[in-house]
Structure formats: structure tokens, C-alpha cells
Amino acid sequence: MSETAIVGVGATPYYRRGRSEPQTVLEMAGKAILAATEDAGLAIEDLDGFAYFMGGLDTALLAQTLGIPEVRFTASLTGGGGGSAGSVGLAAAAVTSGMADVVVSVMSLQQSRQRLGAAFLPTQEGAYPSGPTPELDFLLPSGLLAPGHSFALITQRYIHRYGATREQLGEVALAARANALRRPTALRSEALTLDDYLAAPMVADPLCLFDFCLESDGAVAVITTSLERARATRHRPVRVLASAHGGAGAWGQAIRGLAMPDGIFATSGHGPVAKQLYGAAGVQPDDVDVALLYDHFTSMVLMQLEDYGFCAPGEAGPFVQDGHIRWPDGALPVNTHGGNLSEAYIVGMTHVKEAVEQLRGTAVNQVAGAEVALVTGGPAQIPVSGLLLGRG
Amino acid sequence: MGNRPARDRRAGVLPASLAQLHADPWTAPFWEATARHELVCARCVGCGVFRMPPTPFCHACRRQDIEWVECEGRGTVYSYTVIRHAVIDELREYVPYIIALVDLTDAPGVRLVVNLLGVDPDQATIGMAVDIVWDDVREGVTIPRVLPAATG
Numbered sequence: 552m553s554e555t556a557i558v559g560v561g562a563t564p565y566y567r568r569g570r571s572e573p574q575t576v577l578e579m580a581g582k583a584i585l586a587a588t589e590d591a592g593l594a595i596e597d598l599d600g601f602a603y604f605m606g607g608l609d610t611a612l613l614a615q616t617l618g619i620p621e622v623r624f625t626a627s628l629t630g631g632g633g634g635s636a637g638s639v640g641l642a643a644a645a646v647t648s649g650m651a652d653v654v655v656s657v658m659s660l661q662q663s664r665q666r667l668g669a670a671f672l673p674t675q676e677g678a679y680p681s682g683p684t685p686e687l688d689f690l691l692p693s694g695l696l697a698p699g700h701s702f703a704l705i706t707q708r709y710i711h712r713y714g715a716t717r718e719q720l721g722e723v724a725l726a727a728r729a730n731a732l733r734r735p736t737a738l739r740s741e742a743l744t745l746d747d748y749l750a751a752p753m754v755a756d757p758l759c760l761f762d763f764c765l766e767s768d769g770a771v772a773v774i775t776t777s778l779e780r781a782r783a784t785r786h787r788p789v790r791v792l793a794s795a796h797g798g799a800g801a802w803g804q805a806i807r808g809l810a811m812p813d814g815i816f817a818t819s820g821h822g823p824v825a826k827q828l829y830g831a832a833g834v835q836p837d838d839v840d841v842a843l844l845y846d847h848f849t850s851m852v853l854m855q856l857e858d859y860g861f862c863a864p865g866e867a868g869p870f871v872q873d874g875h876i877r878w879p880d881g882a883l884p885v886n887t888h889g890g891n892l893s894e895a896y897i898v899g900m901t902h903v904k905e906a907v908e909q910l911r912g913t914a915v916n917q918v919a920g921a922e923v924a925l926v927t928g929g930p931a932q933i934p935v936s937g938l939l940l941g942r943g
Numbered sequence: 238m239g240n241r242p243a244r245d246r247r248a249g250v251l252p253a254s255l256a257q258l259h260a261d262p263w264t265a266p267f268w269e270a271t272a273r274h275e276l277v278c279a280r281c282v283g284c285g286v287f288r289m290p291p292t293p294f295c296h297a298c299r300r301q302d303i304e305w306v307e308c309e310g311r312g313t314v315y316s317y318t319v320i321r322h323a324v325i326d327e328l329r330e331y332v333p334y335i336i337a338l339v340d341l342t343d344a345p346g347v348r349l350v351v352n353l354l355g356v357d358p359d360q361a362t363i364g365m366a367v368d369i370v371w372d373d374v375r376e377g378v379t380i381p382r383v384l385p386a387a388t389g
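Quick note, the sequences are listed as chains A and B, same order.
Using my numbering, the first residue of the first sequence is number 552, and each one after it goes up by one.
Using my numbering, the first residue of the second sequence is number 238, and each one after it goes up by one.
FYI, nobody ran anything at the bench for these hints, they're computed from the structure.
There may be inaccurate statements among the hints.
Computed footprint of chain B on chain A, listed as stretches where at least three residues anywhere in the stretch have a Cβ under 8 angstroms from a Cβ of chain B [what the hints assert, rightly or not]:
(1) 563–577
(2) 600–608
(3) 630–642
(4) 853–864
A few chain B residues that don't get close to chain A, going by computed Cβ distances all over 10 angstroms [stated by the list, open to error]:
(5) Ala260
(6) Gly285
(7) Ile320
Which chain B residues stay away from chain A? Per the calculated CB distances, all over 10 angstroms, these [what the hints assert, rightly or not]:
(8) Leu255
(9) Asp261
(10) Gln301
(11) Trp305
(12) Glu309
(13) Glu330
(14) Tyr334
(15) Asp343
(16) Gly346
(17) Glu376
(18) Arg382
Note that the Cβ used here is the ideal one computed from N, Cα and C, for glycine as well.
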């Protein structure tokens, strides 16, 4: 990919599920976009592209509402939350191809009528691919209604295969919470101990309350442009080293089918994307200074640590238990913003924002000297996605 | 066939409202068979690879033609979860319930998502042998569930 960079990030406050009313989804999107253009030192009139995931927003209404002079690119990745990091790659592709100059990736989430925690129910509203479908007939009658149910099944098999412990899953939750406690933007502001974790009610064995991410409202926008243009913006540019989205066909519908073959079942499904990403960027796992891993469930952080080559398959449990993902002293600080688990769940876009702040050197929980950040979207059905960013 | 009133359904099964079917021409024969208490799986006539849920193409050889193979309804638990929190209010009186992934013994590669009945939630295990039982939800709609395999 030729040279592109993220130049602006913006967000609304984060809210508990449904609490962003009476704002509208469009309104929150607009606020995040305006904040991102302000952050970049660009005018809203400079925007000419929109790159989304999970179906995206109605660009027609958004562009008309914000007074965008000319739209030159508008597209969305298919699938669900797995495309969050990849939506920035889509923006970069638009810039690289010459189709657009300044492209915004935005997620605006309001879960009053659409609840992603029960995403398979056919009554769900919103753009996320929903039922009824002939394929979901094979899940819903058994009470498999939610991504959490599917990830519980994957996690149980992972534990069976590798012997991961509740303490190891808990460490992912505790590390995220410790980071969130230092951030005024975080929705979780109370300390979490291992005893709290172990005493929490089970939701879907082997996942307890604290293995599940938050259910939040809010919007996050990220602006990508050419590196050349980026050099004239307000902040140090954050270079897009590479982005990849997709996954194996055999991973396929994944959490919406559970038919993945045994060889890849107990993984995050990110293996092919990780390989593509590192190859395109010319970067090794050892080069990554901070990892913003999509953490809708603690166990899926473990599997991503393996699929992205930070440890061998089955070894992520001991890896986290040894303190490696802790900020500031771990070898690989993970989700320094508190993640989906403890800051807010804006379908992974807060991870992109945090990566940008880390590489600018302005993060609340700054990783000293951070030069390369990994951001992921998903595990979910394909596409899952990854993004490698570098200090400009 | 498939015409028992709801009061005859097995204890502990989930509400009938969850069993809404939206079959397409490829999946309909499966549900027509379950209503007859037969478990059938789609197999490619070209290369013999099973494909479930049935789809218009064989993922191994891209051939479309399938044959419906009757299976005896035995399998092993590949994974399971005990759902203890009701995602929707309607399920409050049904938790805990167990969702199992069951690999069928005589249809390699076929994994069914089913409720595991007749076992204490803390006694479910991966690798457990199970047998299909039929839950006649309403006329024309029968959902497969599983029980621990009869021993001896």
C-alpha cells in the first residue's frame, strides 16, 4: 500500500447502552466526524470519502446533513464488528487508488432498539446482518441467540484443547480494568480484583460477567489521507503500514454457524489476516509495541495473541498470567485504553483511536517510545481485520 | 407425525416461539425429515463430502447435486455451553439450558447445534456420547435435541 496516514480522530462521550438518547445515531456520527476534522485541523469541506464496516451509515443523509461539497467515495466492508480496523484500510485504499483524498471511517452505535449482545434475534434492527435466514434456523431453536453463546462454545473447546484457566481469562479483564481506571472516558471506574472476577455470575459457561465486554453507545470517527497531505495537518501523522481484512472461507460464518473445522475452531480466525498484514507491512510480531486487540470476550484476546504470533497456539494463557499484556511493564501492553471490556464498546473503533494517540505520544496510558501499533477487528464471521500503524 | 400438542413436549425444552423456520429450497428437506423423526444430511453426489447446513454448492468440488443420507442420530459433544443468563425475558424460566455442538458419528464433518437435555449442567462434558431425540414443537415443526447416550 502506498503511503497513507491517519490525521484525525474524534469521538462523542461514551454511554451505557441506550443512554445516548435523545441524540440520534446520525447526530452522534456528525459530532464524531466534526471532532475528528477539528483534531486534524481540516475543514469539514475537505472530506470527500466515507469508509465503513458492518453496513455503515447512510452517506446520502450524512453528506447532505454535514454539507459535504462532493462525495467521491462511499463503501462499507461486509460482515459485522470484524471490519472495524479494516474500515481504516478501506479508507486508505480509497486514497491510494486516487478515488478520494480525505476519507472518514465512522461507527455510531445506539443500542436502544438494536442490541448487538442479542444480534442473532430476527427482531433486531439496524444494519448488522440479521435474521431470519435459513442458516440461523439451525441455531435459534436451540436458544443460541447471541455472539456470547457462540464465543462460549469456542472458548470451551479452547480450554479443553489447551487447558486455559479462569484465572488466565480473568487476567485479560483485570489488565483492561486497570488501564480504564486511569481514563476519564472509561465507563468502568471501579477496581476489579481476581476475587471479584472469580465470584462473578456465569453468563454462558465458561464465560462469566467480566469475560463479556460492555454494552455501550457512542460514535468514533477516524480520518485517513495521503501521507503527503498528512504532513501539513495539526499532529504528527500516524502512518498506515498495512491493513488486511478477510479470513479463511472455512472460517466463514463462524459464530453464526459454528461449523469451522477442528484445525481452526479454537482460534480467533485471524490467522490468514495476520500473515497478510505482517507480510504487507514488513513487520514482525516482535516489532509491535502496543496491541489494541478487539476484546468483546476475554478469551478471544488469548486466541488473537496466538494468531498474531505473540505466542504459540495454546500458550496465551501462561503468557498473560506472566504479566506480559500489562501496562506499563509488560512486554506487550494490550488495550491500554481499557478496551471493549472496560472503557466502552463502540464496535472496536476506540481501539483505532487509542492506537493513534499512542503513536502521537499523547495516550493517557502511554507506552514509552511506541512506534508500531497493531489494531484488530473481530473475531467474528469474516471479514475479520487487522491494521498496523506506525509513528510518522 | 409432528402433531402433538405442546403439553406433550419434553420437560425443559425451550419455548416454541424460538422454533420459527425460514427454510429455503436447500434446507427444506432437512426440516421435512425432522418432522417425520428422521435425521438426514446432505451429501455431495460427486465427492461424497457432507455439507450441513445444506448449501447450493459443495465446498470441496463445487458440484450442486446432493443426496439426502439418513443418519442414525448418534454423535459426540464437540463443545457445549451452559446458558445461565436469559438474553430475552422470555427465556427467564428456562435457564440454565445447555447448547451443545454435536459431531455426528455417521456423517463426518456434520456438526449440529442442539440442546443437550437430561443432564445436570455441571455434568456435561466434551466427548460425551449423545443420541438425537425429537421435540415436536407444533404441527410440521420438529427440532432435534440430544440426550446422553443410553449405556449398556
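Non-conforming hints, listed in increasing numerical order: 1, 2, 3, 4, 5, 7, 8, 9, 14, 16 and 18
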